[in-house]
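Residue numbers (our numbering), protein chains in the order written: chain A, 254 to 675; chain B, 22 to 413.
Worth flagging that the hints you see were computed from the coordinates, not collected in a lab.
A hint or two may mislead.
[Claimed, not checked] Pairwise CB distance ranges (calculated):
(1) B:N279 - A:Y516: 43 to 53 Å
(2) B:T32 - A:K554: 37 to 47 Å
(3) B:P237 - A:I283: 20 to 30 Å
Every value quoted in this text rests on a predicted model; they were computed, and no experiment measured them.
Beta carbons are placed, not taken as given, at the ideal position from N, Cα and C, and that holds for glycine.
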Amino acid sequence: MNKVSKLTPIQKRRQRGAFSLLFLSFASLIGFGILQKNTAPVTYKFVLEKEWIAINEWTLDSRTGSYGFSCAALIFAIWAIFQFRRNKKIQLQSALGGFAILMAFLCWAASGKMIPFTGLLQGALLLSVPLIFGAMAGVLCERSGVINIAIEGQLLAGAFAAGVVASLTQNTTWGLIVAPLAGALISLILAVFAIKFSIDQVILGFVINVLVIGMTNFLYKKLLIPYQNTWNSGPILSPIEIPILSKIPLLGPIFFNQTIIVYLMYLIVAVIHLSLFKTRWGLRTRAVGEHPTAADSVGIKVNNLRFRNVIFAGLVAGLGGAYFTVGAVGAFGKEMTAGKGFIALAALIFGRWSPLGAVMAALLFGFADNLQGILSITGTPIPSEFMLMAPYIATIIAVTGFVGRVRAPAADGIPYNRGGSH
Amino acid sequence: MNKFKKYIEETSKSIALPLLAFFLAILSGGLLIAFSDPKIYKLWKSPLEFLGTGFASAGHAYLALIQGSIFDGNLTSKNFLLGFYPLSETFVVAAPLILTGLSVTLAFRAGLFNIGAQGQFIFGAIGASYVGFHYNLPPVIHALAAILGAIVLAGLWGGLVGFLKARTGAHEVIVTIMLNYISVYFLLWLLSTQTFLRKGRQDPIAPPVNENARLPKLFGMDYRINLGIFIALGVAYLIHILLSRTTWGFQFRSVGANTLAAKTAGMSVPFVMTSVMVICGALAGLGGAVQVMGSEYALTAGVAGSFGFDAITVALLGRAKPLGTVLAALLFGALRAGGLTMQANTTTPIDIVLVIQALVVLFIAAPAMVRAIFKLKNVKSGTDMAAKGWNG
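Working from the sequences, and respecting the hints, build out all of it.
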């Protein structure tokens, strides 16, 4: 008892993380290995196009696979416990252990079937594109102290604007130009009401979502359906193959044979991460999000900076919205963002309000989503609904602090009035 | 007498803002209806005709809205009273909306933002449906048992939020957003299980609720209006009493107004948070029960519609007061019911209702803006929407 209380919060978090991993590994060994009723071969298929080295497919026995990967997870868990004892980081071990458990799960779930591995990862990346854009919009807003629940609305507005403009002009470039502006317009409402009128930002974000859903549904039924040929038949962006990088085995076709939106996403993530932690703007943004009074006292114009960042966030989310229409299917569909904005919010929180953490969380959620899709086609022992719940459950576990408490920027959601009560 | 005069004055002040906001929202919605039709732009050359056509189409839409929510002369050919069928529909929609709205309202008063009414509604509907179709009980008892099932299930689901907030500090908004999605998927899964699958059906619909567990209709089989609306009004009165006359309600309001002061005064904040969310869950769940037992008679994937989300706009328009919530729910119930007729009779999609709802709340939230537009001075401002942070 006394020993536990001597640990620092970080150590406690590591301890809990390491032991959770150990527990999960055992559970996986028992659940996927020992309790597996009948064993059958699992085939991992790697799609081959023009990579340098050909990995074709890999078949292994499902029970052996589950045993093997669970044992690997156990080893990583023990390694993590040693790391914790030596007071070192356990991130690498957790990631490896998590991956091993996932593979053990796959061996169990896809027993006797084929898993298109490249397709699984490729689909996962595509499904996480809007999540990453949305989460980046969240980072920009919330790191500077404005809660952004309106990510969903910003994505939807971007999708609508891109789809309609690309259709009217029959030009995807115009769609890509207009989408960020639409997102920024939604952000403008958020910025004006949250910063100028000091309205509760959660309520505001919620109402903005209702407004955007109502508007796009209304216009969809009134214009896009009756005049489909002119208003809602936009072209689609074609993928651009990056010369050398796309030839890297496995990773190449996944990451470097994508549309311009995905490349812009890499760029935006890199820029936001670097500038948030390495530039003056980033320092100021974080200061304004954590302690606006202190920031003000050194001459930072708190509300101006917040205003600008919220608009930037709208630009980013709007571009992400374009992915739904010009980036994927062309035509706009009613409420086509389907709650992706809220999963992006979940990713932001799960990633502890840091850009790279949010990207990792978004990729994880995208992967879970795609895995669910593939497994529901091939048939699986777990109902697909429970797999769809996974991101939400993970987020609740994250905010309740089971594996380390996540903390929002201190001034997130609190309007700043000079000389006010805050 | 003086007191009465003062009361009137106070009321008119606090009601002025919602009314003006509603007026502005209707106006903006009208403009959207009028000028979203491409045909009107062919009349560009004669401004008079251009404007006339625009106003006519907005007018037709709103007329259909009233026809669908209050009184429709076309239905009176057989029986004059049948003309009020739309009004009955308004009450049918309003009943669950009042209950979910109260759920959000009560949470607001305790300083919590319950976005989770949607999920709690779903769990209430599940509870009422299961008790309703799985058991065979005598008339009144069966209905009560089904309501109890709904309240218990939804109360636990709502209480979970309060418990997590009290124990770990997890923000209720984040938790309820996530729980809403979990509820939807849980419902979808449930409807695919053997227990909840209706015999001979493949689509997600549960067996029908037994006759004994249905809420009685008030004015015969021609109208769908049922006991649900009176349940809702009764509960609204109870919540009013709870908040204004009981120690418990005082504790809720104290925690909502100033958590620290409430704690210093010796109130148990964790207990208040958990119990408030249990009641909120039960309220929304009761809404689900009323929907399943009063008008739908079966659990379906879309049973919750958008009752839980509309509830938030209802509570905001009602300014987090029970009476206000009831009035706002009746208004939005009318918009919803009328919207269907509007969509069928004119080319105006029902989604304009969403736009109006959102705009009303936006205008209310920004009293400074409404005041500026109407050049008013004595309008009570929306202090009930003062901002709090994620960590607060």
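Structure-based check of all given hints:
1. The given range of 43 to 53 Å is respected by N279 (chain B) and Y516 (chain A), whose C-beta atoms sit roughly 51 Å from each other.
2. Roughly 42 Å separates the CB atoms of T32 (chain B) and K554 (chain A), a value that falls within the hinted 37 to 47 Å.
3. Separation of P237 (chain B) from I283 (chain A) is about 53 Å and departs from the stated range, judged on CB atoms against 20 to 30 Å.
Consistency with the previously given hints fails for number 3 only.
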